[in-house]
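So that you can map any letter, position 283 of the sequence shown is 283 in the numbering used here, and since no number is skipped, the others follow by simple counting.
Treat the hints with caution; some may be incorrect.
Derived lysine-lysine pairs resembling DSSO-like cross-links, with alpha carbons at most 27 Å apart [to be verified]:
| # | residue 1 | residue 2 |
| --- | --- | --- |
| 1 | K88 | K21 |
| 2 | K21 | K84 |
| 3 | K144 | K109 |
| 4 | K111 | K144 |
| 5 | K111 | K76 |
| 6 | K5 | K134 |
| 7 | K111 | K171 |
Taking CB as the label site, the calculated pair distances span [stated by the list, open to error]:
| # | residue 1 | residue 2 | range |
| --- | --- | --- | --- |
| 8 | A58 | T92 | 35 to 45 Å |
| 9 | K109 | T3 | 17 to 27 Å |
| 10 | L51 | R229 | 47 to 57 Å |
| 11 | Q261 | R155 | 26 to 36 Å |
| 12 | Q18 | R138 | 35 to 45 Å |
| 13 | A87 | E187 | 22 to 32 Å |
Derived by calculation from the structure, the hints in this document are not laboratory data. Quick reminder that beta carbons are idealized off the backbone N, C-alpha and C, glycines included.
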Amino acid sequence: MITYKIAGLGEVLWDVYQDAKYLGGAPANFALHAQRLGAEGIIISRVGDDLLGKELLALLNKWGVKTEAIQIDPHKPTGTVHVKLDAKGVPTFTCSQDVAFDYLEFDEKLKMLLPQLDAVLYGTLIQRNSVARKTVQRALNELKDVLVVFDVNFREVSSETKAIVSESLRKTDILKINETELQMLQEIFDGTSQPPGDFLERLLEEFSLRLVCLTLGENGCYCQSSSERYYSPGFRIQPVDTTGAGDAFIAAFVISYLQAQPLPRAMEFANAVGALVAGRNGAVPPYTRQDIDQFLQKDWKRNVDKQFEKYWN
Numbered sequence: 001m002i003t004y005k006i007a008g009l010g011e012v013l014w015d016v017y018q019d020a021k022y023l024g025g026a027p028a029n030f031a032l033h034a035q036r037l038g039a040e041g042i043i044i045s046r047v048g049d050d051l052l053g054k055e056l057l058a059l060l061n062k063w064g065v066k067t068e069a070i071q072i073d074p075h076k077p078t079g080t081v082h083v084k085l086d087a088k089g090v091p092t093f094t095c096s097q098d099v100a101f102d103y104l105e106f107d108e109k110l111k112m113l114l115p116q117l118d119a120v121l122y123g124t125l126i127q128r129n130s131v132a133r134k135t136v137q138r139a140l141n142e143l144k145d146v147l148v149v150f151d152v153n154f155r156e157v158s159s160e161t162k163a164i165v166s167e168s169l170r171k172t173d174i175l176k177i178n179e180t181e182l183q184m185l186q187e188i189f190d191g192t193s194q195p196p197g198d199f200l201e202r203l204l205e206e207f208s209l210r211l212v213c214l215t216l217g218e219n220g221c222y223c224q225s226s227s228e229r230y231y232s233p234g235f236r237i238q239p240v241d242t243t244g245a246g247d248a249f250i251a252a253f254v255i256s257y258l259q260a261q262p263l264p265r266a267m268e269f270a271n272a273v274g275a276l277v278a279g280r281n282g283a284v285p286p287y288t289r290q291d292i293d294q295f296l297q298k299d300w301k302r303n304v305d306k307q308f309e310k311y312w313n
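Use the sequences and the hints to build the structure in full.
This is the structure we're talking about:
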């Protein structure tokens, strides 16, 4: 079986809860879930030369994750995000500013790593600072025959957002968004009057995307390409912490996509992994492939989104 090299390009940080802290950052979570699912997960990021940075690297080493592509900043601190969960386990985030990952550099190690990759995921948070943004965009320009996934992952919208998103979409194969991010994209690109399918069709055509994955929370996911539209309902679980569910979803989806699985099967598998993670604490809780298989064997009730139900095969 092929072991894919799958990288998260962007922030690695600590998610700080009221009573605990967990390793986090969407690209890092993505790479860690890819590793849990049998790929070689690689984190391309930057941490501070501080206690939090040392703890983070030690934890990754303990998990068997390679840390060679994580730079150490001599001046800036390791990033943190303070997380609060509501009654449904849905988080709100407060992210620290001017931290190590904002100064990610395009160094020789990164240049040597890029041609080895099968897939890479990145987002907008890593591009809030011009230093890291230039690194990300240069890295994307260097990629050849690598699946590029853009997880928009908006934390804020600024005057530069449209330019950053447009530049990023032009270098993207798969766009991954949630419902809130879809609405924000519609506002940015003057598409609020368009039905979601029409707006996504416009993005697919304008930016030559292969695919858009729209995650629908408890209601599953919808995927659209220039020729196909599919919907996969959500599994009716009792959520505990949904912080890393989207990252788990897209990691599972990307692996299935690289394996050339049919879209409906890839979506069902990704939904299952996302739901499994949402039922546990932390963005990257421990789980095995056996856990996923057992999850899929259960006779779950499904949460169906009426807007997309007609695309359910």
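For each hint, the structure was consulted:
| no. | hint | result |
| --- | --- | --- |
| 1 | K88 x K21 | 19 Å, holds |
| 2 | K21 x K84 | 12 Å, holds |
| 3 | K144 x K109 | 17 Å, holds |
| 4 | K111 x K144 | 12 Å, holds |
| 5 | K111 x K76 | 23 Å, holds |
| 6 | K5 x K134 | 23 Å, holds |
| 7 | K111 x K171 | 17 Å, holds |
| 8 | A58 x T92: 35 to 45 Å | 29 Å, violated |
| 9 | K109 x T3: 17 to 27 Å | 20 Å, holds |
| 10 | L51 x R229: 47 to 57 Å | 49 Å, holds |
| 11 | Q261 x R155: 26 to 36 Å | 31 Å, holds |
| 12 | Q18 x R138: 35 to 45 Å | 39 Å, holds |
| 13 | A87 x E187: 22 to 32 Å | 28 Å, holds |
Hint 8 from the list above is the single one not met by this structure.
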